[in-house]
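A.B. asks: Please work from the sequences and hints to get the whole structure.
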Amino acid sequence: MRNEDIVLDGAKVFWRTLLPRLKAERGLLGLSVVLAFLAALAGIHPLAVLPFWIVLVAAILNRGAPPVQTAPASVGAAVETKADPLAPLLDALDMPVLVVAADETVVFQNAAAEKAFGTIPQDSYLSARVRSPGILDMVRETIATGKVNQIEHAERLPSEAVYVVRVAPVDIGSDVSGRRIFLLTYRDISQARRIDRMRSDFVANASHELRTPLASLRGFIETLQGPARDDRKAQEKFFGIMHEQVTRMSRLVDDLLSLSRLELKSHIAPDDAVDLGPLLGHVRDSLAPLAGELDVTIALEVPETPVFVQGDRDELVEVFENLIENACKYGQEGKQVDVRLTGGNGHQAEVTVTDHGPGIPAEHVPRITERFYRVNVEASRSKKGTGLGLAIVKHILTRHRARLLIHSEVGKGTVFKVRF
10 MRNEDIVLDG AKVFWRTLLP RLKAERGLLG LSVVLAFLAA LAGIHPLAVL PFWIVLVAAI
70 LNRGAPPVQT APASVGAAVE TKADPLAPLL DALDMPVLVV AADETVVFQN AAAEKAFGTI
130 PQDSYLSARV RSPGILDMVR ETIATGKVNQ IEHAERLPSE AVYVVRVAPV DIGSDVSGRR
190 IFLLTYRDIS QARRIDRMRS DFVANASHEL RTPLASLRGF IETLQGPARD DRKAQEKFFG
250 IMHEQVTRMS RLVDDLLSLS RLELKSHIAP DDAVDLGPLL GHVRDSLAPL AGELDVTIAL
310 EVPETPVFVQ GDRDELVEVF ENLIENACKY GQEGKQVDVR LTGGNGHQAE VTVTDHGPGI
370 PAEHVPRITE RFYRVNVEAS RSKKGTGLGL AIVKHILTRH RARLLIHSEV GKGTVFKVRF
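First residue of the sequence shown? That's 10 in our numbering, and the numbers climb one at a time after it.
FYI, nobody ran anything at the bench for these hints, they're computed from the structure. Wrong hints could be hidden among the right ones.
Claimed, not checked - Listed below are the simulated BS3-like cross-link pairs for lysine-lysine, each with C-alpha atoms no more than 27 angstroms apart in a straight line:
1. K344 with K426
2. K274 with K426
3. K274 with K421
4. K421 with K344
5. K421 with K403
6. K426 with K403
C.D. replies: Quick look at the structure:
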């Protein structure tokens with residue numbers, strides 16, 4: 010296109026813009042003509058009012074013009090390519106995504122990245138916001154070679170998180186600046202790592218719990234086969250201990266199987282109607298011999314009207330057997346365990362089990378429902394505990410859409426509340 014044509018087109022655009030504005034501002038133009046006429050009568054030179062006319066025309070051009078809006082940042086705007094449709098697509102992803110140019114500047118971040126890492130100013134260097142040498146080296150290698158790379162990266166602050174960080178070149182066609190762009194993605198695998206850690210801890214703890222009684226059995230068997238072969242008194246003693254160890258392993262295996270069954274159906278809520286009053290009476294009667302051995306009284310208080318909940322009767326029996334048995338064993342010195350049922354008639358059902366024993370230190374309370382977690386290992390084993398009772402209680406109540414609330418003070422006892 011010739012220079013003369015460019016100038017002509019520009020003039021046409023200018024007049025098409027100016028003429029409608031002049032028509033809209035007829036009153037202001039009339040006033041300015043009157044002022045110019047009066048200035049001429051006063052002997053003022055026309056060139057002296059030229060700045061006034063320039064300001065007037067500029068005001069007319071700007072008057073009523075729509076405000077200038079800054080376009081939102083997008084991949085295409087940032088790298089001047091055809092990639093505009095990528096911006097809403099990347100914002101829709103639930104994983105953090107950064108778009109990095111070949112000069113290692115961040116040209117775009119999606120909403121998930123902004124939430125996870127904070128706002129990163131456009132065209133700021135990646136190394137100013139990402140401190141991991143492994144990620145930076147990986148990005149530089151991909152920029153140099155064009156090959157896809159990924160590493161596993163762990164964050165400690167503000168909370169522990171593990172990501173699979175992947176960088177790959179993006180082919181979106183040539184752009185004005187000639188820059189290439191690369192997609193840096195963070196896939197959160199924290200939950201999977203936590204599950205792996207829990208699984209390995211569970212196997213280690215279960216193996217340890219089984220190893221101890223097995224080692225005892227092996228030692229007693231070797232003793233009975235050797236030095237105590239003809240010692241009738243020693244045989245009776247060892248057989249009694251061996252029976253206790255076998256019973257302990259049996260309880261542990263039963264608890265492990267119960268946990269496995271509960272995990273398989275944890276998403277299925279039971280729908281049978283269960284009256285909690287008679288159920289708690291049955292649990293109290295079944296634990297009466299144990300309470301008598303420990304010199305503990307179980308005091309049960311239930312309302313006169315039925316209190317129904319949706320649940321599985323056998324599983325709820327297991328819940329309250331665990332809670333009341335623990336209260337009898339670990340609150341033995343308080344001599345009494347109080348069990349109270351409230352609710353019914355449209356009100357929320359709640360069962361409270363209170364012992365008056367030594368209580369639980371505050372730092373242990375949040376963890377006592379974990380598998381194999383014990384406040385006092387020796388005391389738990391001496392009372393024939395497997396370390397799985399409260400974990401089973403928690404899983405059953407989760408399936409019943411109920412909550413377990415624990416309150417304890419050292420020297421004042423412990424309160425377990427089951428709220429449906």
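A.B. asks: Look at each hint and say if it fits the structure.
C.D. replies: Tested hints:
1. Of the pairs offered as hints, the one joining K344 and K426 holds, with about 20 angstroms between alpha carbons and a cut-off of 27 angstroms not exceeded.
2. Straight-line distance between C-alpha atoms of K274 and K426 comes to about 24 angstroms, which keeps the hinted pair within the 27 angstroms bound.
3. This hinted pair does not check out: K274 and K421 have alpha carbons roughly 37 angstroms apart, beyond 27 angstroms.
4. About 13 angstroms separates the Cα atoms of K421 and K344, which keeps this hinted pair within 27 angstroms; it holds.
5. Proposed proximity of K421 and K403 is supported: the alpha carbons are some 24 angstroms apart, at most 27 angstroms.
6. A distance of roughly 12 angstroms separates the Cα atoms of K426 and K403; the hinted pair therefore holds under the 27 angstroms criterion.
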